[in-house]
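Heads up: the protein sequence lines correspond to chains A and B, in order.
Residues 3 to 286 (the working numbering) are what the first sequence spells out, left to right.
Residues 3 to 286 (the working numbering) are what the second sequence spells out, left to right.
Keep in mind the hints are simulated off the structure, nothing from the lab.
Quick caveat, the model's predicted, so the values are computed rather than measured.
There's no promise every hint is true.
Any copy will do: because identical chains look the same in the list, a pair fits if it lies in one copy or spans two.
List of simulated lysine-lysine pairs, BS3-like, C-alpha gap at most 30 Å [unchecked claim]:
1. Lys283 <-> Lys162
2. Lys111 <-> Lys162
3. Lys192 <-> Lys111
4. Lys111 <-> Lys283
5. Lys122 <-> Lys111
6. Lys122 <-> Lys162
The lines below spell out each chain.
Number of protein chains: 2
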Amino acid sequence: MPEIAFVNGEFMDLSDARVSVEDRGFQFGDGVYEVVRCYHGVPFALEEHLRRLERSASGIELGIPEETRRLGELAVEALRRSQIAEAVLYMQVTRGWAPRNHAFPEAAKPTVVITVRPAKPAPPDRAALGVSVITVPDERWLRCDIKSTDLLPNVMAKQKAVRAGAFEAVMIRDGAYVTEGASTNVFAVKDDAVYTAPEGPRILSGITRAIVLGLAREHGMPVVEEFFTPEFLARADEAFITSTTLEVVPCVRVDGRPMGDGRPGPLTHVLASAYSAEVTKRTA
Amino acid sequence: MPEIAFVNGEFMDLSDARVSVEDRGFQFGDGVYEVVRCYHGVPFALEEHLRRLERSASGIELGIPEETRRLGELAVEALRRSQIAEAVLYMQVTRGWAPRNHAFPEAAKPTVVITVRPAKPAPPDRAALGVSVITVPDERWLRCDIKSTDLLPNVMAKQKAVRAGAFEAVMIRDGAYVTEGASTNVFAVKDDAVYTAPEGPRILSGITRAIVLGLAREHGMPVVEEFFTPEFLARADEAFITSTTLEVVPCVRVDGRPMGDGRPGPLTHVLASAYSAEVTKRTA
Chain A
3 MPEIAFVNGE
13 FMDLSDARVS
23 VEDRGFQFGD
33 GVYEVVRCYH
43 GVPFALEEHL
53 RRLERSASGI
63 ELGIPEETRR
73 LGELAVEALR
83 RSQIAEAVLY
93 MQVTRGWAPR
103 NHAFPEAAKP
113 TVVITVRPAK
123 PAPPDRAALG
133 VSVITVPDER
143 WLRCDIKSTD
153 LLPNVMAKQK
163 AVRAGAFEAV
173 MIRDGAYVTE
183 GASTNVFAVK
193 DDAVYTAPEG
203 PRILSGITRA
213 IVLGLAREHG
223 MPVVEEFFTP
233 EFLARADEAF
243 ITSTTLEVVP
253 CVRVDGRPMG
263 DGRPGPLTHV
273 LASAYSAEVT
283 KRTA
Chain B
3 MPEIAFVNGE
13 FMDLSDARVS
23 VEDRGFQFGD
33 GVYEVVRCYH
43 GVPFALEEHL
53 RRLERSASGI
63 ELGIPEETRR
73 LGELAVEALR
83 RSQIAEAVLY
93 MQVTRGWAPR
103 NHAFPEAAKP
113 TVVITVRPAK
123 PAPPDRAALG
133 VSVITVPDER
143 WLRCDIKSTD
153 LLPNVMAKQK
163 AVRAGAFEAV
173 MIRDGAYVTE
183 GASTNVFAVK
193 DDAVYTAPEG
203 PRILSGITRA
213 IVLGLAREHG
223 MPVVEEFFTP
233 EFLARADEAF
243 ITSTTLEVVP
253 CVRVDGRPMG
263 DGRPGPLTHV
273 LASAYSAEVT
283 KRTA
């Protein structure tokens, strides 16, 4: 199972995959990306990820080259070559190589990178025991709806969680409201309704988020897409986080204090199971 | 005059300089950088730039490898090899290569990149005629004092300026106060005093800014390091921007309206000349 990369038109071993030190992705964070989970060789929700990549690219006025329209085919081809069944497919498009200068280069060709690596299996007790989260200030820029590689604030937040022995950092904007996690969307359950921050410039419109909200509605759960306070989260009946690679993960402690009864909640369990079933259905 | 790069211990032609697509600088903007102007083969204010690089690295908890302590020597060696007299020296340190994961990698070795390119000569009429600027919302993260490569908001702001036929975008935080330019610090002159935003998390502590403020004081000009409004800037007697590569550039129009009498101001001229003299003195 080789780890495969595709860089600007060529497939290669991931360990050989390089870009120029003057690539704008390296010098300016001038690019966008997607992460797709592949189950038994089938990319899940690939179309949704490609559409979001196009939206992100459009948000930074990055013209998508013909190559990127073919990105789906290329991703599938990279996956096939890797022979990795349970894989994480990573796609990144940057504004390309150019001598360093802030403004857009006039003639640069976007850099297209795809990598395939094995997915890390979730620890078997994560779903049963849940995870701890901490809250941290949301210090990110004001266009978090654009999935760019300017991820340093996310990195610093995630590292704070790791240092605190927690699994995720939940970000609080202006000391007032929960936006999302360092690499996840955040949900609270209160009186059988599912709460999460609304789409807009302060959060990433998560693919898993959208699927889980759809499943919640299918299961008759009221869905409230409104900002809520850290206090609301701390006093919720249940809480969970979602992401492409993590799926649905119950949260049982926030900033060291138990949430709900300190165990994964029943609605969280319903949604996690429904998500797994959706994955099975779509990748059958 | 070859364009030279140093990447992780080796000197090479800039066109051969590559990093892994999984370098955290490429995937996470997880790194810091400096730009140093070299005059007739001598790097200007190199020590100040190296100290700021250390501060930025410390701000993101990036341990500086032995190699980076030697960064000054390596930079001088890269410059010597390039034989470029009027050069822009670029230094970038990232958290290194690691399989993609937000939290700090346990065993990654920081990536050190140095590049040397010829400085672009300023158009001869820039100092005489001044430049136009536009104002744009400051959408950056909340730690602008850290000189990281998460520069997408700066890129987008600069591109707006280019599209508007302006030279620089002046960023307005919360619709209320001027922070800095997309790649410059911003100054206003009013009643013979020099105003600029204070050091802190909302601006980069510019090397040129500090030198110019020192020169202003030496010339008996009162210096006010306080935030000012876009209206204050628009009604200033004079305005100018500073950066390592641009030095001191007079601004004569903001958002299409003339500033002061629409020509570079006398105090700006004094400071630009004093800066040139400082460069000559220090690089003699």
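Tested hints:
| no. | hint | in the structure |
| --- | --- | --- |
| 1 | Lys283 <-> Lys162 | neither (37 Å within a copy, 46 Å between copies) |
| 2 | Lys111 <-> Lys162 | between (37 Å within a copy, 20 Å between copies) |
| 3 | Lys192 <-> Lys111 | neither (49 Å within a copy, 45 Å between copies) |
| 4 | Lys111 <-> Lys283 | neither (38 Å within a copy, 42 Å between copies) |
| 5 | Lys122 <-> Lys111 | between (33 Å within a copy, 23 Å between copies) |
| 6 | Lys122 <-> Lys162 | within (21 Å within a copy, 42 Å between copies) |
Hint check: violations occur at hints 1, 3 and 4; the rest are consistent with the structure.
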